[in-house]
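Asker: Dock chain B against the given chain F, drawing on the hints supplied.
Chains F and B, in that order, are what the protein sequence lines are.
In terms of our numbering, the first sequence opens at residue 823 and continues consecutively.
In terms of our numbering, the second sequence opens at residue 823 and continues consecutively.
Honestly, the hints are just simulated from the structure, not real lab data.
Heads up, some of the hints might be wrong.
Pairs count within a copy or across copies, as identical chains cannot be separated in the list.
[Unchecked claim] Calculated pairs, SDA-like style, for lysine to any residue (alpha carbon to alpha carbon, straight line, at most 20 Å): (1) 1178 <-> 1188; (2) 829 <-> 882; (3) 1178 <-> 950; (4) 993 <-> 979; (5) 993 <-> 1107; (6) 1178 <-> 997; (7) 1178 <-> 880.
Quick caveat, the model's predicted, so the values are computed rather than measured.
Protein chains: 2
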Amino acid sequence: MQTELSKQLGIPYALFGFTPFPAVAAALTRAGGFGVLGAVRYTSPDDLRRDLDWLDAHTGGRPYGLDVVMPAAKAVDGIGEAEIEAMIPARHRAFVRDTLAKHHVPELPDGEASGWRITGWMEQVARSQLDVAFDYPVKLLANALGSPPADVIARARDRGVLTAALAGSAKHARRHADAGIDIVVAQGYEAGGHTGEIATMVLVPEIAEAVAPLPVLAAGGIGSGEQIAAGLALGAQGVWLGSLWLTTTEADLHSRALTRKLLAAGSGDTVRSRALTGKPARQLRTAWTDAWDDPDGPGALPMPLQGLLVAEALSRIQRYEVQPLLGTPVGQIVGRMTSERSVQAVVDDLTRGFEKAVDRINRIAGRA
Amino acid sequence: MQTELSKQLGIPYALFGFTPFPAVAAALTRAGGFGVLGAVRYTSPDDLRRDLDWLDAHTGGRPYGLDVVMPAAKAVDGIGEAEIEAMIPARHRAFVRDTLAKHHVPELPDGEASGWRITGWMEQVARSQLDVAFDYPVKLLANALGSPPADVIARARDRGVLTAALAGSAKHARRHADAGIDIVVAQGYEAGGHTGEIATMVLVPEIAEAVAPLPVLAAGGIGSGEQIAAGLALGAQGVWLGSLWLTTTEADLHSRALTRKLLAAGSGDTVRSRALTGKPARQLRTAWTDAWDDPDGPGALPMPLQGLLVAEALSRIQRYEVQPLLGTPVGQIVGRMTSERSVQAVVDDLTRGFEKAVDRINRIAGRA
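Extracted from the complex, chain F is given alone in its bound form (with noise of 0.2 Å):
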């Protein structure tokens, strides 16, 4: 599974796997394919340093990458989180109240800190970041939500660093590729997490010939050797794979509970809502979900107030494990994700079940 992008990085698949945890990077990335740790959670420069440390020491002189979020923060970029707090209307705060409360959901233990700052989406956090990644061998800066800052493209440039960014429109990947990132992401609406409307099958070929002749990485939906060989004969010169590893046994989802409603999910069990930051993110849908997702309820409020609104709520559910209420990003082939097994057993799938899927376009094609 080799394309020129894969052989510029010099990993034998051309694999790339998005994950929150350390653990499941460096497995990716052993295992021949190419890891990139999310830094979103990250709140302390320190702790980004520990995990890269461990990150570093554990692939081996193989590459890895690390996707930081840079969203448009410059409107709420130096003022401070009790300024933006206050941006958030009564009737909001009073509805995470009530749904808490209707569903018993405990408080946190006196002096424990809901885990998710807004901190992590404003700028000046990801430059700290930035600043961090730069002293490890990072072979690819990834931003999820907009386009990195010219400065930061051409310090990445200066240093042999690839960056890459996600797109969920063809709009969106030449603002891209005119800023100058080196890959676009073109991510389809059936992804986990941010998407847009557009579904994988018709983005990739749209966004890879927009622009062209960047490579074009695949999302959305890809979980299998199979969806592998579309997304490559679709014009993409690799994968990029969320979900899937969300149920390896290198993740660590902090909640029993969770990993098993994630087996358990079908594919039609996702939805895409705002109620996670306020921008459209799929996600396991839950009665926390459709709270937000009522038309008869306050709505979602725009990003980053929803993030800020509901931070301390979704520790609180995740914490006690409140089942109707607990969800994470995933995307549709959560369906396809019915079993825990080691990133290793997962890549060996994926590349097994390419050769075939080649082996059955080959006898279709009468090349066999």
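Answerer: What follows is chain B alone, placed relative to chain F:
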């Protein structure tokens, strides 16, 4: 592009095309694919007979199919249109009137009837269409909504006619298989017309596994050779294309303005709306769909009431080519429909593009 199914049908390409236009169906069959004529618009058996006579005379003995609609129509069957009309709330009638007035849509001339009738959606009509169909060497009977009744499947089987049914989920596909259907068309979210929420990338392998060893056709988002390769890599035994034919020279949309709108539309210019029939169907996004999807409006009625309610309005919009309201069912692939070409030219492009995609995947797999 040969699969077990295409060999069974004796066609050079496993390329199925759904179309309401006999000229398109005939041209596709002549070009080596398999034309499937949509019968929903025929309100009289004689009209259908006339077009099947023509189709039969223009396919040179090569195989073609017919698509009838047999929804769970028992609920409204046996009662007349007048009784169904009476179920439509006055508020909804007023909303139609107001929306048309807002856009200055003229009345139909005296004596000119609305083209669309609910009757095409009723089982008694579908059955009279089937009686006609069995007088012709139709090789495939497809059913767009639900499974055909057991006696229809048995009658088809007795005559060596294959049956196919569309499915938007593995559950629906299994229901079709249990009913004794021969082929399942896995139609993804990005498709034109009635669709579910699961994207083609995820849906095709899920359904192929659910109904194996029944053959599955991939539908939704397919309009190029690379998308055909992707659909086949996902485990389909053929592809089912509908939207792509709308801008062929053989299609007759009765509106140049609509053709121009299709040629100009991007992949993001469709919406999955209940405005047309009461069930979610992907179509061009227009001021008409916006009005029905507006949370402050009355919202669409359930099938079959919505179709009956809006039939005359749609005839008026189309007759007078009222630009902001003018639409049609079409999939996200509309973004790649940028020129008018003959069906033969389209098929040539598809087969060439397929071969190139196979070359590409073989290079990636190290087999070239």
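Asker: For every hint, state whether the structure bears it out.
Answerer: Outcome of the hint check:
no. : hint          : result
1   : 1178 <-> 1188 : both (15 Å within a copy, 14 Å between copies)
2   : 829 <-> 882   : within (18 Å within a copy, 51 Å between copies)
3   : 1178 <-> 950  : neither (44 Å within a copy, 45 Å between copies)
4   : 993 <-> 979   : neither (24 Å within a copy, 49 Å between copies)
5   : 993 <-> 1107  : between (29 Å within a copy, 18 Å between copies)
6   : 1178 <-> 997  : neither (37 Å within a copy, 28 Å between copies)
7   : 1178 <-> 880  : neither (31 Å within a copy, 40 Å between copies)
In this structure, the earlier hints numbered 3, 4, 6 and 7 are contradicted, and the remaining ones agree with it.
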